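**Student:** What follows is the residue order along each chain.
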Amino acid sequence: MSLENTDSKAMVLLMGLRRCGKSSICKVVFHNMQPLDTLYLESTSNPTMEHFSTLIDLAVMELPGQLNYFEPNYDSAELFKSVGALVYVIDSQDEYMNAVTNLAMIIEYAYKVNPSINIEVLIHKVDGLSEDFKVDAQRDIMQRTGEELLELGLDGVQVSFYLTSIFDHSIYEAFSRIVQKLIPELSFLENMLDNLIQHSKIEKAFLFDINSKIYVSTDSNPVDIQTYEVCAEFVDVTIDLFDLYKATQNLISDGNEQPKKRELKNVSQLANGVVIYLRQMIRGLALVALIRPNDTDTENCLTVVDYNIDVFKKGLEKIWANSTTDAAKVAAIDNGDNA
Amino acid sequence: MDDGGNRKKLLLMGRSGSGKSSMRSIIFSNYSAFDTRRLGVTMDVEHSHLRFLGNMTLNLWDCGGQDVFMENYFSKQKDHIFQMVQVLIHVFDVESQEVMKDIEIFTRALRQLRKYSPDAKIFVLLHKMDLVQLDKREELFRLMMKKLKETSADYGFPDLVGFATSIWDESLYRAWSQIVCSLIPNMSVHQSNLKKLKQVMDAYEIILFEKTTCLVICSSNDPGSATTTTTTTSAPTSTTIDKLDPKRFEKISSIMKNYKESCTKLKSGFKNLVLNDNIYVSELSSNMVCFIVLNNSNESHQLVSENIKKASQFFE
Chain E
50 MSLENTDSKA
60 MVLLMGLRRC
70 GKSSICKVVF
80 HNMQPLDTLY
90 LESTSNPTME
100 HFSTLIDLAV
110 MELPGQLNYF
120 EPNYDSAELF
130 KSVGALVYVI
140 DSQDEYMNAV
150 TNLAMIIEYA
160 YKVNPSINIE
170 VLIHKVDGLS
180 EDFKVDAQRD
190 IMQRTGEELL
200 ELGLDGVQVS
210 FYLTSIFDHS
220 IYEAFSRIVQ
230 KLIPELSFLE
240 NMLDNLIQHS
250 KIEKAFLFDI
260 NSKIYVSTDS
270 NPVDIQTYEV
280 CAEFVDVTID
290 LFDLYKATQN
300 LISDGNEQPK
310 KRELKNVSQL
320 ANGVVIYLRQ
330 MIRGLALVAL
340 IRPNDTDTEN
350 CLTVVDYNID
360 VFKKGLEKIW
370 ANSTTDAAKV
380 AAIDNGDNA
Chain F
-7 MDDGGNRKKL
3 LLMGRSGSGK
13 SSMRSIIFSN
23 YSAFDTRRLG
33 VTMDVEHSHL
43 RFLGNMTLNL
53 WDCGGQDVFM
63 ENYFSKQKDH
73 IFQMVQVLIH
83 VFDVESQEVM
93 KDIEIFTRAL
103 RQLRKYSPDA
113 KIFVLLHKMD
123 LVQLDKREEL
133 FRLMMKKLKE
143 TSADYGFPDL
153 VGFATSIWDE
163 SLYRAWSQIV
173 CSLIPNMSVH
183 QSNLKKLKQV
193 MDAYEIILFE
203 KTTCLVICSS
213 NDPGSATTTT
223 TTTSAPTSTT
233 IDKLDPKRFE
243 KISSIMKNYK
253 ESCTKLKSGF
263 KNLVLNDNIY
273 VSELSSNMVC
283 FIVLNNSNES
293 HQLVSENIKK
303 ASQFFE
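Residue numbers (our numbering), protein chains in the order written: chain E, 50 to 388; chain F, -7 to 308.
I should point out that these hints are in silico values taken from the structure, not numbers from a laboratory.
If you're wondering where the values come from, they're calculated on a predicted model, not measured in any experiment.
Don't be surprised by glycine CBs; every beta carbon is placed ideally from N, CA and C.
Any given hint could turn out to be false.
[Claimed, not checked] List time: in silico DSBU-like cross-link candidates among lysine-lysine, alpha-carbon distance up to 35 Å:
1) E/Lys130 x E/Lys230
2) E/Lys362 x F/Lys301
3) F/Lys239 x E/Lys314
4) E/Lys314 x F/Lys302
5) F/Lys252 x E/Lys76
6) F/Lys187 x F/Lys302
7) F/Lys139 x F/Lys128
8) F/Lys243 x F/Lys141
9) E/Lys314 x F/Lys257
10) F/Lys263 x E/Lys76
11) F/Lys68 x F/Lys187
12) F/Lys187 x F/Lys243
13) F/Lys252 x F/Lys263
14) F/Lys252 x E/Lys230
15) F/Lys128 x F/Lys113
16) F/Lys252 x F/Lys188
17) F/Lys257 x E/Lys230
18) F/Lys68 x F/Lys128
19) F/Lys187 x E/Lys250
20) E/Lys76 x F/Lys239
21) E/Lys314 x F/Lys188
22) F/Lys139 x E/Lys295
23) F/Lys190 x E/Lys295
24) E/Lys250 x F/Lys302
25) E/Lys314 x F/Lys190
26) E/Lys295 x F/Lys252
27) F/Lys243 x E/Lys314
28) F/Lys188 x E/Lys362
29) E/Lys362 x F/Lys257
30) E/Lys314 x F/Lys187
31) F/Lys301 x E/Lys314
32) F/Lys257 x E/Lys363
33) E/Lys76 x F/Lys68
34) F/Lys113 x F/Lys93
35) E/Lys295 x F/Lys301
36) E/Lys363 x F/Lys263
[Stated by the list, open to error] With the Cβ distance kept under 7 Å, some of the chain F side facing chain E (calculated, not the full set):
37) Asp237
38) Pro238
39) Ser254
40) Lys263
Work out the full structure, taking the sequences as your base and the hints as a guide.
**Tutor:** See below:
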C-alpha cells in the first residue's frame, strides 16, 4: 500500500559520497538559501525528505553520504522501487574515482530492483573549474562510468550527465530537466506552450514552480540560459514586491467585502520593447513569457496574449482535473484491495 | 561656495579596511555584496564623478585609509582635500580593535573641516553591523553615537547624523539615500508635487527613486523631507502606513536594482512594470523612477499611464 502511495508521487533520490554537496543543493533549490550560507551546513545523518507540489507531487529524498546501503538491515530494495529518479552527485573538484565506482555499484543495484528508474549524474561544483577543465572532467567521468557499467554488463543503462554549480542557475536547469522526465503530461504541456507562443508573438515561455524556480515545462525552442535566468529573477521580483504590499491588498479587498484571492500578474516592459509577462496558473505554477511585439502596438499585443493565456490556463485546469481523477482512481482501487 | 552650484564634493573617509570602497561599488557601480571581496586597497584618493538626477554631479573622493595616506591628508594635502567639502562621510568599522584611534582620526578630519569648509554636513556610518549579534546592535550603536556626537559638537558640528550599515542588507541604501537627498536643493518642490500626484491618482503610496542608483529621493507618506535628523529608529508616519514594512523603501531599492541588473542580460534597460494592476513602476523623467501603489486596482491601465505622463513634466 505504501508503494502505491508513493507511486502517484514522483520521488527523486539524491545520493553521493560525503561532502559532495547534496544538502547544499537541497537547501539552495528548495529553501531559497543563499549559496554562501551552505558552507556552514552540518553533515547530514538521517535521510531527509522534501515535499513540494507543482503539477505533480514531488518528493526529494536525501540520503547521508557515509551510509552503506547494502547492509542487510537497510531496506534499500523497497526504497529504490519507489523512486522515479536517482540523482547521483559527483564532486568535480575532488578525486572522483571512488565516486564513479560507488555510482556503478548503486546503478547496478537500483537497475536490478527497478529497471524503469531514471539515472541522472550531477557533475557538481564546476564553478571552481575553468572552461576547458569542465569539458575534460565531464568527458572523463562519462567515459569511466561507461567502462564501469560495461564491466558490470549494464551497457544498456541510460545515464544523463549535467554540469552544475549552486552559484549560478545551472543547478536549477539540471533539476528542471530531471523533474520534467517524471511528468507524464509533459508532451501535452509542451504542445500547449508551442501553440500558445505561435499565436501570440511570444519568444519563449516557461512554466515555473514559484517556490523552487524549477521550470516544469517550456516550449520546444532551445532554452537559452540567460533567458531562463531573467525569467527566474522576474519571479523573485514579483513575489518580493507583492509581499511588501500584501497588507494593503488585503485591506482593500476587505473594503470591497469580497476577499477574493487575486492571482499574481506582472507585466514589465523594457526599453527595447521586450515585454516580460508573468501570470499565476494553477497550484503554485506561474507562466513567465518573453514577448517581442516588434512593430505592433504593445497594448494590442498584450490583449491577445491575455486572451490566449486564459485559454491556456483552462487547458491546464483540464489536464489537472484528469490527472487528479486518475490519482483518485488509483486510491480507490487501492482501498478496494485493502477492503 | 559650491562651484557651479551643482558640483558636490563628498569625502568618504575612514580607516583602512572599514569598507568604504565596497559601499561605493555597490551603490554606484552595481557590484553585488559578494563581488566586493575582489576589491583591493585604495591607493591615495580615488575620484569618481557621478551624475545624479541629471544636473547634479557628485564628486566622490574615496580616500584610502592606510595610515601613510591618512597622515598625508592631514598635513601636506590638507587644503586640497578639505576645501569646499559639502559632505563628509566617515566610516567606522564596528569590529575595529582600535576604537580610540578611529575616533582620533575622525576628530582630526573635523578639525580640518572646521577650518576649510565649516558648512559641511557630517555623516557617520557604523559599518559591518552584520558582524554584531542582533541583540547587541542597538546598544552598540547608541553608545558609539553618543561618543561621536560629543566629539563632533566640540568641533562645531552639532547635528551629526549616524547610520548602522551593512553591505549584506538594505541598511546601506537607507543611509546613502538620506545622504544624497541632503544634497538635493529642490526637495520640498518634489515633495509637494508628489503629494499632489498622490491625490490625483488616488494612490496609497508613491515613492520616487533616482534612476541609475535606485536611491529613494522622497515618498508621499513622508511628512518631513528625507533629511531627517532621526537616525535608526524609523518613525512610522500615519496610521494606515503602520502595517507596512518600515524598511520597504530600501527593499524596493535593492529589488529594483537587481531587476535592472538582470534586464541587462537581455541587453536592455528597464522601462516599466505593472504588478497585479495595482503597483506601477515607471520612468517619470529621464532620471527618476516612480513607484506607485494604487488604492484601487480596477483603475484603467491607460488612465494611469496617462497620469504618469502628465505628471512627468513637473519632475523634470
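**Student:** Look at each hint and say if it fits the structure.
**Tutor:** Hint check:
1. E/Lys130 x E/Lys230: Answer holds: E/Lys130 to E/Lys230 is near 17 Å, not above 35 Å.
2. E/Lys362 x F/Lys301: 34 Å, holds
3. F/Lys239 x E/Lys314: 24 Å, holds
4. E/Lys314 x F/Lys302: 26 Å, holds
5. F/Lys252 x E/Lys76: Within the cut-off at roughly 26 Å; holds.
6. F/Lys187 x F/Lys302: 15 Å, holds
7. F/Lys139 x F/Lys128: 17 Å, holds
8. F/Lys243 x F/Lys141: 29 Å, holds
9. E/Lys314 x F/Lys257: This hinted pair holds, its Cα atoms lying about 22 Å apart.
10. F/Lys263 x E/Lys76: 34 Å, holds
11. F/Lys68 x F/Lys187: 49 Å, violated
12. F/Lys187 x F/Lys243: 22 Å, holds
13. F/Lys252 x F/Lys263: 10 Å, holds
14. F/Lys252 x E/Lys230: 34 Å, holds
15. F/Lys128 x F/Lys113: Holds. F/Lys128 to F/Lys113 sits at ~28 Å (cutoff 35 Å).
16. F/Lys252 x F/Lys188: Holds - the C-alpha atoms of F/Lys188 and F/Lys252 are around 28 Å apart, at most 35 Å.
17. F/Lys257 x E/Lys230: 29 Å, holds
18. F/Lys68 x F/Lys128: Violated, at roughly 40 Å.
19. F/Lys187 x E/Lys250: 40 Å, violated
20. E/Lys76 x F/Lys239: Holds - the C-alpha atoms of F/Lys239 and E/Lys76 are around 26 Å apart, at most 35 Å.
21. E/Lys314 x F/Lys188: Holds, because 28 Å separates the two Cα atoms, which is no more than 35 Å.
22. F/Lys139 x E/Lys295: 41 Å, violated
23. F/Lys190 x E/Lys295: 20 Å, holds
24. E/Lys250 x F/Lys302: Holds - the C-alpha atoms of F/Lys302 and E/Lys250 are around 31 Å apart, at most 35 Å.
25. E/Lys314 x F/Lys190: Given pair E/Lys314, F/Lys190 holds - Cα atoms ~23 Å apart, limit 35 Å.
26. E/Lys295 x F/Lys252: 23 Å, holds
27. F/Lys243 x E/Lys314: Given pair F/Lys243, E/Lys314 holds - Cα atoms ~20 Å apart, limit 35 Å.
28. F/Lys188 x E/Lys362: Distance of about 41 Å is beyond 35 Å: violated.
29. E/Lys362 x F/Lys257: The hint holds at about 29 Å.
30. E/Lys314 x F/Lys187: Between E/Lys314 and F/Lys187 the Cα gap is close to 28 Å, so the pair holds against 35 Å.
31. F/Lys301 x E/Lys314: Within the cut-off at roughly 23 Å; holds.
32. F/Lys257 x E/Lys363: Between F/Lys257 and E/Lys363 the Cα gap is close to 32 Å, so the pair holds against 35 Å.
33. E/Lys76 x F/Lys68: With a Cα-Cα distance of about 54 Å, the restraint between E/Lys76 and F/Lys68 is violated, given a limit of 35 Å.
34. F/Lys113 x F/Lys93: 22 Å, holds
35. E/Lys295 x F/Lys301: 27 Å, holds
36. E/Lys363 x F/Lys263: 31 Å, holds
37. Asp237: The hint holds - F/Asp237 has a Cβ within 7 Å of chain E, the shortest such distance being about 6 Å.
38. Pro238: Nearest chain E Cβ about 11 Å off; hint violated.
39. Ser254: 4 Å, holds
40. Lys263: 5 Å, holds
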